[in-house]
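Student: Given next are the chains, with one letter for each unit.
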Amino acid sequence: MTLALNIFTIVAVSAGSFFFMAGTIGLLRFPDTMTRLHALTKVDNLGLGLIVFGLLPQAEGLLAVLKLLCVWIFVQLSGAIVSQLVAQLARGDGQQR
Amino acid sequence: MNSIALFAYCGAAMVGLGLFGLITKPQVLRKILAFNVLGTGVFLLFGVIARRGAAAGLPSDPVPQALVITGIVVAFSATTMAVVLLLRLYAETGEATLDSDDPPNAGTDGGR
Amino acid sequence: MTPPFILEIAFVILILAIAVGTLVARTAFTAVLLFMIYGLLIAIAWVRLSAVDVALTEAAIGGGLTGMLLLGAVARLRESEGSGEEPGLPTLLAAGTFCVLVSAALGTLVLSRPEVAPSLAPMVMDNLAQSALGNPVAAVLFVFRAFDTLLEKVVLLLALIGVWSLAPDRAWGGVPGLRLYAEPSSILVFLAQLLPPIGIMIGIYMFWTGASYPGGAFQGGTVLAAMWLLVMIARLQPVPAISLRRIRLLLVVGPVIFVAIGLLGFVVADAFLAYPANYAKPLIITAEATLTLSIGVTLGLLVAGPPDRMLQP
Amino acid sequence: MANFLFGAAGFVLAMVAVGLLCVLRGPSDTDRMLSAQLIGSGGVAVLLLVATVTGTPSIVDVALMLALLAVFAAVAFLRDASSSQIKPPNATDRV
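Protein chains in written order, with this note's numbering: chain R, 7 to 103; chain A, 265 to 376; chain U, 6 to 318; chain L, 4 to 98.
Careful: at least some of the hints might be erroneous.
What the hints assert, rightly or not - Interface residues of chain L toward chain U, partial, derived using beta-carbon atoms under 7 Å:
(1) 58
(2) 68
(3) 72
Hints were generated in silico from the structure; no laboratory data involved.
For glycine and all other residues, C-beta sits at the position ideal for the given N, C-alpha and C.
Work the whole structure out from these sequences, hints included.
Tutor: Below, the structure written as structure tokens:
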């Protein structure tokens with residue numbers, strides 16, 4: 007059982023790290039702000055999400071699990087809203103030029 | 265060389281960097297940033313002292329930790345004060361630097 | 006060399022690189038942004054130094070409030086960017102040598118240790134039971150060195166008075182010149198409605214958990230301040246005039262109650278800020294709760310800045 | 004397991020270092036801010052990993068704090084960007 011959980015952790019955390027890499031590369035390589043925004047949201051949602059998901063089996067107690075989930079939901083919510091605002095700003099920028 | 269020594273060197277280097285910026289940067293905002301870098305360096309050194317004082321089952325001496333927390337608060341107060349002073353200086357003179365003794369009017373055309 | 010240690014070396018190099026970046030960045034905006042990231046990494050460094058209480062404070066102040074303060078300043082100073090001359094090469098060299106010497110001296114001094122490092126940890130642990138708190142750092146802050154903590158709050162208030170005193174005469178007692186969002190934005194309003202309830206809960210949690218685990222009044226107060234500023238920036242709530250009686254009351258209620266409890270110490274215990282044996286915990290919690298509120302309001306107003314206009318009807 | 008999680012933390016830190024290049028490169032201030040947000044998420048991930056490796060649940064609180072205040076910093080940036088966009092810089096009488 008422990009082995010299965012450990013394997014799950016390793017797989018999920020690796021996948022999360024992969025999305026961190028993907029997001030960072032996206033940020034470096036994508037041509038404009040809108041596409042970079044897309045790269046960022048991948049990191050926030052999938053990268054951090056998978057890492058949190060992978061760490062859940064290692065957490066001790068219900069409170070620890072809840073707190074981990076809280077961090078993720080939090081980053082999710084705020085990330086989504088901030089991306090909206092940035093997109094609005096970036097689009098406004100384009101129209102003015 | 266262990267991880268405590270590593271952070272001690274890090275703190276010492278930060279103090280040096282902050283001091284250098286504080287002396288050489290003409291813009292006041294950069295001086296404020298440099299001052300904060302210097303401050304965190306000092307705090308980190310104190311944190312190293314706390315870590316070395318690990319005893320009685322604690323990983324780190326709580327007294328320096330408490331002092332550092334107080335220090336961070338006071339440093340923040342000082343930073344706020346400095347920023348507001350800078351903004352007032354800018355509103356009064358139109359300058360945000362301390363580099364010249366010229367009257368402010370002479371500096372506005374950007375050269376001499 | 007263990008893998009964690011190699012990681013720490015890389016981490017320290019990263020911190021120093023960012024510190025250099027903060028100083029040499031071309032635009033003030035980049036410098037401030039790097040400084041905020043620097044604060045984030047310093048918080049992680051505190052975690053590595055086993056000082057989670059300090060890490061919480063640094064995370065709250067370094068990344069959040071200082072960042073907002075400095076970004077606001079950059080936006081106002083935008084036109085003056087690039088002005089100012091770097092000093093000449095001789096000065097740079099002299100300053101550089103001096104700073105390297107200072108760093109080397111500090112590094113050597115901190116590590117040239119007495120064989121047994123001095124520590125007050127055993128004393129704290131011996132007396133922890135009397136303080137009725139489980140978190141040794143909170144015990145130092147509110148019991149063993151409570152006077153320091155009281156004075157720290159006074160420093161915050163003095164800084165606020167200093168900030169206010171820089172207001173132009175015509176705006177004295179008016180509304181702080183906090184920069185707001187340019188026009189009401191429904192998305193931002195949504196964020197400002199969604200986040201504060203959660204944030205206030207986290208703030209209260211920080212202060213409550215501070216009795217036994219890392220956390221405390223200051224960390225909690227910082228979160229409250231951040232939430233308050235968010236609501237004001239989104240234009241959900243107006244920025245209050247500083248002459249309002251209830252604002253002044255909120256500012257001083259924490260320190261006043263703390264002083265009152267301290268004076269009570271003369272009567273029921275034997276010294277200023279001494280707590281009577283069986284009521285230590287309730288008294289400390291009361292002081293901390295009101296302090297959290299006062300700190301929140303003080304920090305919020307510090308970031309909001311000096312008043313720059315009178316209240317419009 | 005501990006070594007793997009440390010490795011993951013190191014990997015994320017490396018990504019943070021690359022993100023730093025993005026901050027320096029820009030090109031616009033908005034892009035720099037996006038990179039800073041990415042680094043913020045990276046910091047949160049590192050803290051969560053370290054909390055699990057060292058078995059210190061209170062480190063998760065630090066991550067929570069960072070997550071909360073990262074939003075706040077982003078709003079501060081957006082506020083300044085939005086107001087400089089709506090009002091021309093010389094709208095308020097300065098200097």
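Student: Among all the numbered hints in the text so far, which are the ones the structure does not match?
Tutor: 1
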